[in-house]
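One-letter residues, chain by chain:
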Amino acid sequence: MEWYLPLIWAAIIGTAVVMYVIMDGFDLGIGILFPSAHNESERDQMTRSIAPYWDGNETWLVLGGAGLFVAFPRAYAVIMPALYLPVIVMLVALVFRGVAFEFRHVSYSKTGWNVAFTVGSTVATVAQGVILGGLVQGVAVRDGAFSGGPFDWATPFAFLCGASLVAGYALLGATWLTMKTEGAVAERARGQAKMLLVVVLVFMALVSLWTPLTQPRIAERWFSLPNFFFLWPVPLVTALIAYYAWRWIEAGREVPPFLATIALFLLGFLGLVISNFPYLVPPSLTVWDTAATPASQIFMLLGTLLLLPIVLGYIGFVYWLFRGKVREGESYH
Amino acid sequence: MDFDPVLLARLQFAFTIIFHIIFPSFTIGLSAYLATLGCLWLRSGNDRYQHIMRFWTKIFAVSFAMGVVSGIVLSYQLGTNWSRFSVVTGNVLGPLLGYEVLAAFFLEATFLGILLFGFNRVPPWLYVLSAAVVAVGTAISAFWILSANSWMQTPTGHELRGGIAYPADWLTIIFNPSFPYRFAHMLNAAYLTTGFVVLAVGARYLLAGRHIEEARTMLRMAIGLTAILAPLQLLLGDQHGLNTLKHQPIKVAAMEAHWDGSKPGDFHIFAWPDEEAGVNRFAISIPRGSSLVLTHHMNGLFPGLNSVPPSDRPPVKVVFFAFRIMLAVGFFMIAAALFGAYLWWRGTLFETRWYLQVMAHSWWIGFVAVISGWVVTESGRQPWIVHGILRTADATSPVPSASIVGTLALFVIAYGIVFWFGIYYINRLIAHGPQKIAAETGRFSPSPISAAQDAGREALRH
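If you read the protein sequences in the order shown, they are chains C and H.
The numbering used here applies: residue 297 is where the first sequence begins, and numbers increase by one.
The numbering used here applies: residue 243 is where the second sequence begins, and numbers increase by one.
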């Protein structure tokens, strides 16, 4: 039990992170694509396509943070101080883009909040990429506490991850708009999706090459035998999905490109897990090193098993309720 | 930089959490008000309730957004600023916060989508039910977060091994001794805060001669509520205080600026506690007032600040004055609500302009009471972050002062901008007032209820 519990919890938090990245990913992506809209009516259409969901989507971020605190308090206590500045910059950026949602609808002049929405979304995305990169490249730990400096995370690799995530979220946003809107917005999103797909693949390739080249433990994980025999399908499947995503966008399909983008994100996450498991704080603290006491993990697990299906149920209901294309002129509030 | 990193971490957390609590203390009450209006609308079929409900829903949307974004910050700050605290208490407090997210946050955030955007898509009963679910969600959220906070004040149900808290009995942890009192006191405070905002807006419309029918409904509902809850709050606060005396006597000593426990305590209406000398200056006091309230006895004794060394005392001035501000606001609320009820009974409520003037300008008093109440209980817990288990000074993260100063400045600027725009927009929504929106929904029928029913049926059928 003491061996399995941390694994179960790592899976739950992994799920929360994936849910967050996909669901808030298309929200943030729409913020990143915001400047490409031609007028307020188009921007309204873009925000309306996510308005009923964004608040729920962002809750997965709280679950990720709280989940880490619940299940792995010692990892939480190392990661947050180590990535202090990018975490707080991300939070402040999310404040701006969150209120921009409501404020631009009640403000007479929308320009300021449009800018806040774009800048907030973009900065939050870069910060999330930097946090990920900062974690993967390793965190200095002594006696179970963070022992590095305030700018340890600031490496070219971390910023590469930040740029990659901007492209990735923008792709999610573009394929979401293709699916959920009509007219000029959908048409433009289709063109953006094509371009962004290429950019995302270039970034994925860069990150996938950079990590094994700089991190021997990751190189060993992928290229030692027999691992290599089991792992070579991962890049192959990625390439295959990317190919089909391109075909589907070309063919003017509406839903499949979005699903393919989600699949690309899942594969990227799988690659990350393969590279770093069982470390939660590479290169020193594993899921077992940082786990909360079993009594706490079990108590929360019972609640999660009971509540998470209900949560997913009513989230599904709301997505179903607001299904279909955004109707022109549909009222806000 | 040679600032004290503990003080900076506290300042930053105090700033972000005070900013945050403003919004939940309003939205907890407002969501319950929306649900009540919705039920009245469904039962009576009177569209006035629906107009008022949809008017307040717009204000709710803006306030809730600010509450959400400032709340996300807090879930990460425990780690960024208080990593040692996270390690020591994670086993115990982690699940309480986890349950808050799973049982409350998703519920609120998801059904909020229906409340804000679903009016034309769902039948009226589901629209009103969504408001009720959001209201229940906010109350569940308050339940878990106040349980966690109360455990920091009166920790029970755990055992300490190697300085780390491990859970022993979850029910004892959740229902720790101060939790029922703190929960009741805070929930009531949230409803009162909202009641006074609704009261102020109704008074403002009546004075301006606009939205008369809606304004009268708001006034009646707000006075009906606050006339019961404001006196009740005095009782709850008294019980909460007695509970604090039992478990955190030094906090109470600071609230009363009571130094010498061998003598009965006076109630100081005003005093300047001199923490160096351990005496009060310029005191205006009711002799033995504190003893009477706290021990129900003229000669009752309770511990004084001098019974512990200065290093174990909270900052007396902060606790003492914050407590007085809370009391003053509380008594004002009781007087205002009861006097309003008296005017209502006399039948002159809507014509007594001076009363409406005062109330129209008193929308903010609940917030002041909530914030000063939290300052009392949190500053009063010092020097402990978890009473008797971990000192605040030992709870911080290994983060340099410069990082904390920089991010504190960032928070002050960001929240400053967001706050003033938020207030400005809410004020403008109020100035705009409830709209008779029948035209928008009533394309197929003159009555919004049946129009919404049609639209709802249509949406659910496909």
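What the hints contain is simulated information worked out from the structure, not anything from laboratory work.
Do not rely on the hints blindly, as some may be mistaken.
FRET-style restraints, in silico, Cβ to Cβ [as the list claims (entries may be wrong)]:
| id | chain 1 | residue 1 | chain 2 | residue 2 | range |
| --- | --- | --- | --- | --- | --- |
| 1 | H | MET540 | C | ARG438 | 53 to 61 Å |
| 2 | C | PRO522 | H | GLY404 | 37 to 45 Å |
| 3 | H | LEU671 | C | GLU338 | 24 to 32 Å |
| 4 | C | GLU298 | H | ASP246 | 52 to 60 Å |
| 5 | C | PHE447 | H | PRO625 | 29 to 37 Å |
| 6 | C | ALA480 | H | TRP367 | 34 to 42 Å |
| 7 | C | LEU502 | H | ARG670 | 29 to 37 Å |
To give an idea of the chain H side of the interface with chain C (calculated C-beta under 8 Å), a few residues [stated by the list, open to error]:
| id | residue |
| --- | --- |
| 8 | TRP412 |
| 9 | ILE416 |
| 10 | SER645 |
Note that CB positions come from ideal geometry on N, CA and C, so glycine has one too.
Taking the hints in turn, this is what the structure says about them:
| no. | hint | result |
| --- | --- | --- |
| 1 | MET540/H - ARG438/C: 53 to 61 Å | 59 Å, holds |
| 2 | PRO522/C - GLY404/H: 37 to 45 Å | 41 Å, holds |
| 3 | LEU671/H - GLU338/C: 24 to 32 Å | 25 Å, holds |
| 4 | GLU298/C - ASP246/H: 52 to 60 Å | 40 Å, violated |
| 5 | PHE447/C - PRO625/H: 29 to 37 Å | 32 Å, holds |
| 6 | ALA480/C - TRP367/H: 34 to 42 Å | 38 Å, holds |
| 7 | LEU502/C - ARG670/H: 29 to 37 Å | 48 Å, violated |
| 8 | TRP412 | 6 Å, holds |
| 9 | ILE416 | 10 Å, violated |
| 10 | SER645 | 5 Å, holds |
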